[in-house]
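Protein chains in written order, with the numbering used here: chain A, 1 to 227; chain B, 1 to 227.
Just so you know, the hints here were simulated from the structure itself, not pulled from any lab data.
Among the clues, some could well be false.
[What the hints assert, rightly or not] Which residues of chain A face chain B? A partial, calculated answer using Cβ under 8 Å:
#1 43
#2 47
#3 48
#4 55
#5 57
#6 63
#7 148
#8 182
#9 199
[Claimed, not checked] Residues on chain B that point at chain A, a partial pick, calculated with CB under 10 Å:
#10 44
#11 52
#12 64
#13 179
#14 200
[Unchecked claim] Some chain A residues flagged as far from chain B (calculated, every beta-carbon gap over 12 Å):
#15 79
#16 82
#17 102
#18 104
#19 110
#20 129
#21 132
#22 205
#23 217
Note that the structure is predicted; figures quoted are calculated from it, not measured.
All C-beta atoms, glycine included, are put in the ideal place defined by N, C-alpha and C.
Protein chains: 2
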Amino acid sequence: MADSTGRALSLRVVVFDVNETLSDMSPLRRRLVDVGLAADRLDAWFAGVLRDGFALAAAGDARPFGEIAGANLGVPPDAAAHVLAGFAELDVHPDVAAGMRELAASGYRLVTLTNGSAGMSEAMFARAGVLDVLEHRLSVEDAGRWKPAREPYEYAARVCRVEPAQMALVAVHPWDVHGAQRAGLTGVWVNRAHTDYPAYLPDPDVVVDAVTGLAGALSRRDPPRPR
Amino acid sequence: MADSTGRALSLRVVVFDVNETLSDMSPLRRRLVDVGLAADRLDAWFAGVLRDGFALAAAGDARPFGEIAGANLGVPPDAAAHVLAGFAELDVHPDVAAGMRELAASGYRLVTLTNGSAGMSEAMFARAGVLDVLEHRLSVEDAGRWKPAREPYEYAARVCRVEPAQMALVAVHPWDVHGAQRAGLTGVWVNRAHTDYPAYLPDPDVVVDAVTGLAGALSRRDPPRPR
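Start from the sequences, fold in the hints, and give me the full structure.
In structure tokens, the structure reads:
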């Protein structure tokens, strides 16, 4: 990747998706049961939340994650609030903190970019001890569209004062990797579940099976400049 | 609604969504079981298909429904093909044929507009005896984006040679009603399941609990011109 003068644009910033990419959402199953839903509704619920958020993005609109997630539960408001409060109790996957520290030690700047609110995950990052390595914790709420529309990726680049080509987006969700690639970022797919990447999408630029090892994979691809 | 000369633009064309709005998808559960999946995966699977199709629309891309639906099953290609073949065996809900005939008798032109392929539902409409009242059976495959992006609604208006304001979009899915309204159509929500419309969306223009009765609801709102 090069800029308009032909100068190579090295990767400077690693942008992490949050829900499922960093957080283990499985404890939310217990909260679904608390409000009378089946534990295995989690997948269908979260798929429906993303479906409806992406529909708004495709139509040129946006609403906050909490509104769409709450409405999709189909339970009274206080029950929905109980489920959503569970996001504050989630923890990061075991590979996240070590992987982030490797990236920071390699000179990459680290930010998060969530379709949720930035506040939903603050307690999680504090418990994981990684708040100090996160330069920004960004939300699409300040970009006017949910990922994978182009706007949030461009918003993150503006906040970080780099070009999209100097950023890598890290996600377990192929749709996020693809949207980032369309916006000019390097797309990193974390294949923690060892599944197949959708054949209907262009290949991800980088594939890792955990956040640990990502610093090595990125450095081999595009050696970072010193911070 | 009025055009640029102030002349009232009456509703001329009723555009029907297809999957779930017209078709009863529940027989697909048996095909999920045939390929080793749980019957109750249907909701999560279809939500995931729409999620991934909408993600592409939000990112400015499109892939055919069959590719995304097949990939989301997570089964070998022949098993996925077996499930997808079930779309040709689906039938319309009991209110559909009578409702369409009422609309046609009231002077409305009728078309379908699906995020799937037009061919997927041809046998269903033939069995229901409504092929003769459908002026066009349209697919987003010819519009370059899935609904609820603006392009498919505008594509349908071009094919029908009317303004978007002369069309009503009929769907059970709030995201489709909303996308149509954003594109300038009248949005009709079919609330067959008697649920609540999402509070985070603007109200639908018309609500009916079945396709029967829609002709009366539209005519009271905006009397049609003779065909």
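Q) Does residue 148/A meet its interface restraint, that is, does its C-beta lie within less than 8 Å of any C-beta in chain B? A) Interface hint status for residue 148/A: holds (4 Å vs cutoff 8 Å).
(Q) Verify this label for me: residue 102/A is non-interface relative to chain B, using a Cβ-Cβ cutoff of 12 Å. (A) 29 Å, holds
Q: Please verify that hint: residue 57/A, Cβ, nearest Cβ of chain B, below 8 Å or not.
A: Holds: closest Cβ of chain B sits about 4 Å from residue 57/A, inside 8 Å.
Q) Are residue 44/B and chain A close enough, Cβ to Cβ, to be under 10 Å, as the hint says? A) Cβ of residue 44/B sits 4 Å from chain A, so the hint holds.
Q: Tell me if residue 43/A is really an interface residue toward chain B, meaning its C-beta lies closer than 8 Å to one of theirs.
A: 5 Å, holds
Q: Could you let me know if the closest chain B CB is still more than 12 Å away from the CB of residue 205/A?
A: At roughly 15 Å from the nearest Cβ of chain B, residue 205/A sits farther out than 12 Å, so the non-interface label holds.
Q) Was the hint right that residue 63/A lines chain B, CB cutoff 8 Å? A) 4 Å, holds
Q: Evaluate the condition: distance from the CB of residue 217/A to the nearest CB of chain B exceeds 12 Å.
A: 24 Å, holds
(Q) Hint validation: residue 199/A versus chain B, beta carbon distance must be below 8 Å. Holds or violated? (A) 6 Å, holds
Q | Minimum Cβ-Cβ distance from residue 82/A to chain B exceeds 12 Å | A | 18 Å, holds
Q) Is the hint on residue 55/A kept, meaning its closest Cβ partner in chain B is under 8 Å away? A) Nearest chain B Cβ about 4 Å off; hint holds.
**Q.** Reported absence of residue 104/A from the contact zone with chain B (all CB gaps over 12 Å)
**A.** It holds; residue 104/A is separated from chain B by about 29 Å at its closest Cβ, greater than 12 Å.
Checked against the numbered hints listed earlier, the structure breaks none of them; every hint is satisfied.
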